[in-house]
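Got chain Y; can you put chain Z on it based on the hints?
If you're matching them up, the sequences are chains Y and Z in order.
Following the working numbering, the numbering of the first sequence begins with 1 at its first residue and continues without gaps.
Following the working numbering, the numbering of the second sequence begins with 262 at its first residue and continues without gaps.
Accuracy of the hints is not assured; some may be wrong.
The calculated lysine to any residue pairs, modelled on SDA-like cross-linking and capped at a C-alpha distance of 20 Å, are [stated by the list, open to error]:
no. : chain 1 : residue 1 : chain 2 : residue 2
1   : Y       : LYS195    : Y       : MET216
2   : Y       : LYS153    : Z       : LEU581
3   : Z       : LYS383    : Z       : GLU393
4   : Z       : LYS383    : Y       : LYS195
5   : Y       : LYS153    : Z       : PRO493
6   : Y       : LYS153    : Z       : VAL497
7   : Y       : LYS153    : Z       : LEU579
8   : Z       : LYS383    : Y       : THR72
9   : Y       : LYS245    : Y       : GLY258
10  : Y       : LYS153    : Z       : ILE580
11  : Y       : LYS153    : Z       : ALA582
12  : Z       : LYS383    : Y       : GLY27
13  : Z       : LYS383    : Y       : TRP144
14  : Y       : LYS150    : Y       : ALA133
15  : Y       : LYS153    : Z       : LYS383
16  : Z       : LYS383    : Y       : TYR26
17  : Y       : LYS150    : Z       : ALA582
18  : Y       : LYS153    : Z       : THR583
19  : Y       : LYS250    : Y       : ALA92
20  : Y       : LYS195    : Y       : TRP144
Calculated from the model, a selection of chain Y residues having no Cβ within reach of chain Z, i.e. all distances over 12 Å [said to hold, decoys possible]:
no. : residue
21  : SER14
22  : SER20
23  : GLN43
24  : ARG64
25  : ASN84
26  : PRO108
27  : ALA128
28  : ASP182
29  : LYS195
30  : LEU199
31  : GLU205
32  : HIS214
33  : ARG233
34  : PHE244
35  : ASP254
Quick list of the computed label-pair ranges, beta carbon to beta carbon [claimed, not checked]:
no. : chain 1 : residue 1 : chain 2 : residue 2 : range
36  : Y       : VAL88     : Z       : PRO413    : 50 to 58 Å
37  : Y       : ALA131    : Z       : ALA303    : 34 to 42 Å
38  : Z       : PHE379    : Y       : HIS152    : 28 to 36 Å
39  : Z       : PRO367    : Y       : VAL88     : 49 to 57 Å
40  : Z       : ALA396    : Y       : HIS71     : 54 to 62 Å
Keep in mind the hints are simulated off the structure, nothing from the lab.
For every residue, glycine included, the Cβ atom is placed at its ideal position computed from N, Cα and C.
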Amino acid sequence: MEDEALGKPPQARSAKIQVSHLDFYYGSVQALYNVSLAVPQNQITALIGPSGCGKSTFLRTLNRMSETVRHTSVEGEILLDGENIFSVDLVALRRRVGMVFQRPNPFPKTVFDNVAYGLRVNGGTRGAALADAVEASLRRAALWDEIKDKLHKSAYALSGGQQQRLCIARALAVNPEVLLLDEPCSALDPISTAKIEELMFTLQENCTLVIVTHSMQQAARVSSHTGFFLLGRLLEFNETNILFKRPGRKETEDYITGRFG
Amino acid sequence: MGASAETLTGKPAPGGKGQVRTFFRRLRNGDEIAHIFTLVFALTILLLACLLVYELYAHSAVSRHKFGWSFLLSRSWDPVLERFGALPFIYGTIVTSVIALLIAVPLGVGGAIFLAEFAPTKMSDGLTFIVELLAAVPSVIFGLLGIFIIIPIMRESVDPFLQSHFGWLPLFQGPVYGVGFLTAGVVLSIMIVPFILSISREVLLAVPAEQREAALALGATRWESTWQAVVPYARVGILGSIFLALARALGETMAVTMVIGGTPSISSSLFAPGYSIASVIADQFTEATGQAYLQSLIELGLALFVLTIILNGLARLLILATTKRGTAH
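Isolated chain Y, as found in the complex (with noise of 0.2 Å):
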């Protein structure tokens, strides 16, 4: 059964990504069990689950962020592009898969200089190639229109929303080709989530997009496929619509009826 479903996504369409029997550890405690999923490319997929059931941690394994908290170690296999991650030069594998965090994160620099960051640490861009790469970015986040007079003023004076939108905009400044999102609308009010998730729509066209949300509703607004994790276990993993409708499993229909968590 739970074979099946997993199965059934990579058929559908080919996967950006796929994970195999993968276990973490911090320190001595176990984390993840056994997580066997395939992201799909050029499609939004949502990882939900109550606090702690490790949809995070999982996420965080998908470009590798999870190695700067010490002690930790990892099993299984991460194949992006059907290439090991964990073989490939960490600085190149974050330039393909970027990230975007729970609270809005933009460094204490101008506007302009956060979304040039990943452009100049990676050498190459300068001058009026820099501006130009910027100004797209910026448009892709939807953000120009909003902010073009303030390119040269402090990040920090951006409202919440339009810093999450920075801090995206930033993240695709470097052209990744899979943006993980770790809870990004959970400090944002509704409006500016909805000026997310409609950008996350538009972003699916160039970009796979893999989201950690604690809002069902906004798993099954924005995502084409949902993960279900408990207790550091993958319990299923179906078409959004499917793992919402007719639940393979009782857990899942208790958790995204409010049952728990």
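Frame of chain Y, contents of chain Z only:
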């Protein structure tokens, strides 16, 4: 207010009586008492500072009237002729403090970056504890350290090395005594490094992990994320630690007195013996004869106070300027 008292106590509190009752209820809760007590403490500190300035000002009247503003610009210090000027001491204070900062800032900030970002947690905590112990060592001990260890090293190794390699600079010319501005600066730097290191480390550790991860997620290396994301985020706190260290260096008395040489001179050479404001006061206060001599020393104290305030003011302006722009560099 009366209404809230009523609802909270559940008893009727009519008219003006309600106000009084509210006050006593708050008194019972401790709010008013806490308010009054903390206000008194705060005012006491303010009063002490004012009293200090007033005393320095009042007891330097003779000197101020005799020398006027030229006191600050005069280079002579002659107890026999009773001609006193502050310039050599102001010069010595600033020069030794600047040398101390030049050595201590890279050491302290660099060490803090290592301890906060790269060292294993246990090693970081252990080393920080030892460094913080240094801050608790009495300054006279640092003076002894200066006399028995640093002066010989400076006289036999460091000064001759500087002279032979950088002797074309006026800073490193002239006879070498061992005591002098450079030695005093080195001793001071050892004394202020713990402040910079300890506070900077705390500030760096307080930088949100998301700042570092934001840089890493864009393909920055470990060092790039540290230097370009973490350090700029913490810069206000790091600057604060440096200014605290500067204040300490400006006012440090005992250790400087023991190694600076005790000569009121202004020399371009860092090897030359000199004097600082704090050290001359400590050195000569007991032997000061005559009102002009004694009150000149007190006026020097006033000058040090003003110098510290000016430098702290500049420091605040610097922080304000860099914070307003919101840019890292």
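Open item on the list: Are any of the numbered hints broken by this structure? If so, which, sorted upward?
Closed with: Those not satisfied are hints 4, 13, 15, 19, 24, 26, 28, 37, 39, 40.
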